[in-house]
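Chains as they are written, first to last, in my numbering: chain F, 11 to 372; chain R, 11 to 372; chain D, 11 to 372; chain V, 11 to 372.
The set of hints was computed from the structure by calculation and includes no laboratory data.
Any given hint could be a false lead.
All copies of an identical chain are treated as equivalent in the list; a pair is satisfied when it fits inside any one copy or across any two copies.
As the list claims (entries may be wrong) - The list that follows gives simulated cross-link-like pairs (lysine to aspartate or glutamate, EDC-like), each with its CA atoms no further than 20 Å apart:
{"id": "1", "residue 1": "Lys331", "residue 2": "Glu272"}
{"id": "2", "residue 1": "Lys155", "residue 2": "Asp49"}
{"id": "3", "residue 1": "Lys97", "residue 2": "Glu75"}
{"id": "4", "residue 1": "Lys335", "residue 2": "Glu272"}
{"id": "5", "residue 1": "Lys155", "residue 2": "Glu48"}
{"id": "6", "residue 1": "Lys335", "residue 2": "Asp49"}
Since this is a predicted model, take the numbers as computed values, not measurements.
There are 4 protein chains.
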Amino acid sequence: MSSSFGSIFKISTWGESHGAGVGVVIDGCPSRVPLLAEDIQRELDRRRPGQSDIVTPRTEEDRVEILSGVLEGMTLGTPIALLVRNKDHRSSAYDEMQHTYRPSHADYCYDAKYGIRAWAGGGRASARETIARVAAGAVARAVVKALFPSTDVLAWVQQVRDCVCPTSPAEVQRETVESNIVRTADAAMAEKMVQLIRAARNAGDSLGGVVACTVRNCPVGLGDPVFDKLEATLAHAMMSIPACKGFEVGSGFAAAKLRGSEHNDVFYMEGERVRTRTNRSGGIQGGISNGEDINLRMAFKPTATLMVEQDTVNDEHQEVKLRGKGRHDPCVLPRAVPVVEAMAWIVLCDHVLRQQSVSCLA
Amino acid sequence: MSSSFGSIFKISTWGESHGAGVGVVIDGCPSRVPLLAEDIQRELDRRRPGQSDIVTPRTEEDRVEILSGVLEGMTLGTPIALLVRNKDHRSSAYDEMQHTYRPSHADYCYDAKYGIRAWAGGGRASARETIARVAAGAVARAVVKALFPSTDVLAWVQQVRDCVCPTSPAEVQRETVESNIVRTADAAMAEKMVQLIRAARNAGDSLGGVVACTVRNCPVGLGDPVFDKLEATLAHAMMSIPACKGFEVGSGFAAAKLRGSEHNDVFYMEGERVRTRTNRSGGIQGGISNGEDINLRMAFKPTATLMVEQDTVNDEHQEVKLRGKGRHDPCVLPRAVPVVEAMAWIVLCDHVLRQQSVSCLA
Amino acid sequence: MSSSFGSIFKISTWGESHGAGVGVVIDGCPSRVPLLAEDIQRELDRRRPGQSDIVTPRTEEDRVEILSGVLEGMTLGTPIALLVRNKDHRSSAYDEMQHTYRPSHADYCYDAKYGIRAWAGGGRASARETIARVAAGAVARAVVKALFPSTDVLAWVQQVRDCVCPTSPAEVQRETVESNIVRTADAAMAEKMVQLIRAARNAGDSLGGVVACTVRNCPVGLGDPVFDKLEATLAHAMMSIPACKGFEVGSGFAAAKLRGSEHNDVFYMEGERVRTRTNRSGGIQGGISNGEDINLRMAFKPTATLMVEQDTVNDEHQEVKLRGKGRHDPCVLPRAVPVVEAMAWIVLCDHVLRQQSVSCLA
Amino acid sequence: MSSSFGSIFKISTWGESHGAGVGVVIDGCPSRVPLLAEDIQRELDRRRPGQSDIVTPRTEEDRVEILSGVLEGMTLGTPIALLVRNKDHRSSAYDEMQHTYRPSHADYCYDAKYGIRAWAGGGRASARETIARVAAGAVARAVVKALFPSTDVLAWVQQVRDCVCPTSPAEVQRETVESNIVRTADAAMAEKMVQLIRAARNAGDSLGGVVACTVRNCPVGLGDPVFDKLEATLAHAMMSIPACKGFEVGSGFAAAKLRGSEHNDVFYMEGERVRTRTNRSGGIQGGISNGEDINLRMAFKPTATLMVEQDTVNDEHQEVKLRGKGRHDPCVLPRAVPVVEAMAWIVLCDHVLRQQSVSCLA
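Using the sequences plus the hints, can you model the full thing?
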């Protein structure tokens, strides 16, 4: 329950930060999807710690091993098990946290829920958990691409504190995003964001921001009415990413201020294709994709671990002081980009597969 | 799939706007929960059309019938089937829509997905679908209240266009909310909002807004790590409500602008209880409730049906004009309030029941 | 959980024997399947009480109402809700059972599990529950037939006490089965079985037996390896039918006595089609259909309600005597035949729909 | 889908016979269950190849590694990932099977279903898949034992060809079962069975049989009415074991020959406990455990791989000859015993956890 996601393309992730490793089992992947370990590794490398000076210096190679479900570069239709071993886990850095609850971390809640807690490095609440998401996302991408080669998912850092990237979703280019270490869509803004993050890191502080994501050439008809609307399952997926505090699709909160006559997207024909003149719907109407770009925005809070002293309590319910240790991202945004893309691919893949049975007679 | 929700407290809703009725089957409700038809009817009356001049004038009594699962005011542990018959369905008002796609409605997407569509009144995409949510929510509320009597859910209209209710979540009172037809938390603001909505209605236009929701006295430990974080399942639930475009928990998008040192909620002891000084986490940390108020905000777009002429296309892919007919809400917000509360109760109930097995040895 | 079945073609049934009615919601039915109320009613009429003198005389019309999901004889892809009202429920006949546990009935276990029980007529444990199965089965049949018109499911009574129908599965004809009130496949044996059942009824006693079922022209490739093998899901479905005590596929328990050299089904080519010379596998190998007839056998125990006095205990844990009242089948087999067929269709339909995504690239 | 099982205690298994290994992820295990690798290893050792001369000589150590979910001998409530590496896989022995379908094996069906197949050693259809079941079963056992220490599951070989073990289920002792290599419950019969199996092995042939299983001191109230009856989920579990062809609970097929007056189990009081005089119900009534022993019987067909020449076809649909190679069990029964026990524990554990929410107010 807690660590499974998807209805047909079903992923089950596992692994504590300072345990043997992290991984995922994917049950429900179609057969005959071309898939290589490199396809997965490439995405893992994008979320890897230590890739620049504005992310955590924990040194992990994060090599993926495909344990099952793939034969000679082709999926078998059987479960795909992926394993990434943990290497650089220095539990000693966490000794103090064995009994002390870090503010705005999951420590207290885990203890309250389970009566036990893998305290070293946050256990399951560590960002290492997202390795399994990124690995599964790479497989989901391979499935969607095999069926719809032109569909693409692109995420970028749209905001860090008060620095806002001015590029519109339709104009964002992957090359630009990957060419700067903060993964924003504008080179000039990238510089400013990097400086902000370095300053926060040097102050032992951290920063929040916004990751935006666009799905291009999404097939029409994905998403189910009522509870599993495409935006609802995307919201579920995105809000499950650690530190995510808000989600918008299309007009988002801006819709609250608009009149219907200002918000509606009128239809027109572009050749044989039904299009909308504007896209405040964000590519989804009635919970179902309409073929326009799906535009999402996710707010991330600043990292909770600070290298400053904070008030807190311990597991004997005494009030104590705590100063953060360990290695942490001063800003999770750059490494959240591949995680956001992975979750989008996973949701799309599940809906693509669900649609196979929904429409088999349509 | 499309119309089922929940993992233990599992609801399956059904019904088209202009069919025989709408309803829900609840599988997984514990036995021996006190439940009367009145408990459900009271909530249905809050979402009923025709309750004031700022909502749709469709006249539906929306009487619920409990078909199964309850004996002499007590749940049996077997499935609870609830039925609400449709009465005032004038399909003739929708004749034009049989072949023409209403802008920003689900019509085109349903046709693309299913190759068929219950065109009268929007079929499954009608707001009548939310009857089943409200009915199921009343049952969920009964379950949670039976186990945790002090837990409560309260929603209100926080914004309509540029009118923003100034009351803080902790100060909102149910009596105030229910004492004005727009269901906002401040009497003076209620007047302004009502005037705005009447003006929009008279212009054949519509308005968006924000519904806020707070959960008070939530038990500690609800929500599962990783994918079914409490905020992720709440986001799923809320974003599945028709017209919902954005979701925030706690600090929400404001978190993007903050430093960690500004955002963290430090712990302290209040007697035997672990508390946080601030509540930017919104009552959830690591996906698990920490006992503080859970604060949510949901953005709703303006109703898509306008009584003005709009450009669109038909199902033969010709560009045509359409003027809205039928009876519609100029602003869905007042009637969305009980729907938001229902979805919150449904999510809480599911997590309360999930927690029974998670913690049976803790 | 308790009353839901299927992974894509998901049914949720509800209803107590002496409540308002029984019904089912089907979520996950594809769109554009031709479906009329008559298709469902025809099957309900086959399981209806009062259809002959060897079944229960309870007089119920069992008229089905399609509440949603169908428009002008075609499924919409949205949930299909089916309702059958209860009419002839004489709870007074059950007064004694309010506090006394009928031997080999579910009364005691329901009380132990739920702490409450719809005692009149067995509540959810009544055979009326199977109405929902038969109704859902008719929809499942329509789906499979729309995709694979030649696939067929045929069940019959193969044994009542020591009367065994000699007809081999491959030779059973539907006309013969439907031409006798016991629904066996041989006219002469039908006479003997009817006499046995009448004698049991007159003695206030009841009889067990075996229902056999064959699936003809099953598409190759249905069923999933490992846990959801076709025979495993069929066993789940069949063993969930009230009174079912045993399940066999192909050689069944006879396999226990055989050598591999006696049991193996060797392959050969019949034109373009891979066939097996024998069919001890029962049409399933490795959990997946191989295109040969799927042959099943289900053992049913004799009805537990007897018109004789029996020892038992009551809900105050006192030892008491009980004599059966109410109206009951002296032998459930004739009416179990359409229930067995329905469950087979439901399982096949689910696997047919699952296969759409499994093989979308194969 | 294909390789997941359980509703709360949810297991996802993976692994091909000649791939990197096999394993399982368990999501939904409660926290604070005592669990050591030795608890799992002990059960794996019981199903290990090479443990005697009547099972396959493949030499695999089958060492389990707990990758996650356990801290210092106690479950964390997070997913438990278990890994067993494959070692002795000689794919060359299977070269011929790359294109030729072994009779009564899954080869043809996998190709038909997936369009691809891990041909070496049967891939996912290999008996190695059951390692993951046994490992998960050991965890399930730990959960049930933590809550109900006296509950126990005991399986044994009751029949091999025409050798039938005379010991009644209530009298079977674990020490006897584990004291002979065939795992039957009577020492004298064990000798005969071993001789039968050796003779079959020497002839290049194989044998079928029956495994019986009894659950002692099962808590009352497990199992859900309607579809997830305890016997239905047990049937699903057992019939999913490779080579299983039949399933019985309690009276099983013998019920078909009985009158109700011969079959009913009348209730009486044994002190404070409701008991039945006989146990033809097999410990389950109305799908719910009644506290009596749960008695099951499972028929297993003889191993399909024979060291004799057989007719078959290849993947180019030519008729060819095939002689079995590789290392195989002449009789799967002895090694099926721990697999049957594991599946019983998994089902019991799931129902025990489901019952936590069902009865939280009862």
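Tell me, please, which holds for lysine 335 and glutamate 272 at an alpha-carbon limit of 20 Å: within, between, both or neither? between (50 Å within a copy, 19 Å between copies)
Within, between, both or neither, where lysine 155 and glutamate 48 count as close if Cα-Cα is 20 Å or less: Within one copy only: 16 Å inside a chain, 43 Å across chains, cut-off 20 Å.
Can you tell me if lysine 335 and aspartate 49 fall within 20 Å by alpha carbon in one copy, between copies, both or neither? Intra 34 Å, inter 36 Å, cutoff 20 Å: neither.
With identical chains treated as interchangeable, where does the CA-CA distance between lysine 331 and glutamate 272 reach 20 Å or less: within a copy, between copies, both, or neither? between (52 Å within a copy, 17 Å between copies)
Is it within, between, both, or neither for lysine 155 and aspartate 49, if the alpha carbons may be no more than 20 Å apart? Within one copy only: 12 Å inside, 41 Å across.
Pop the pair lysine 97 and glutamate 75 into one bin, within, between, both or neither, using alpha-carbon distances up to 20 Å. Both, since 14 Å and 16 Å are each at most 20 Å.
Violated hints amount to a single one, hint 6; each of the other numbered hints is respected by the structure.
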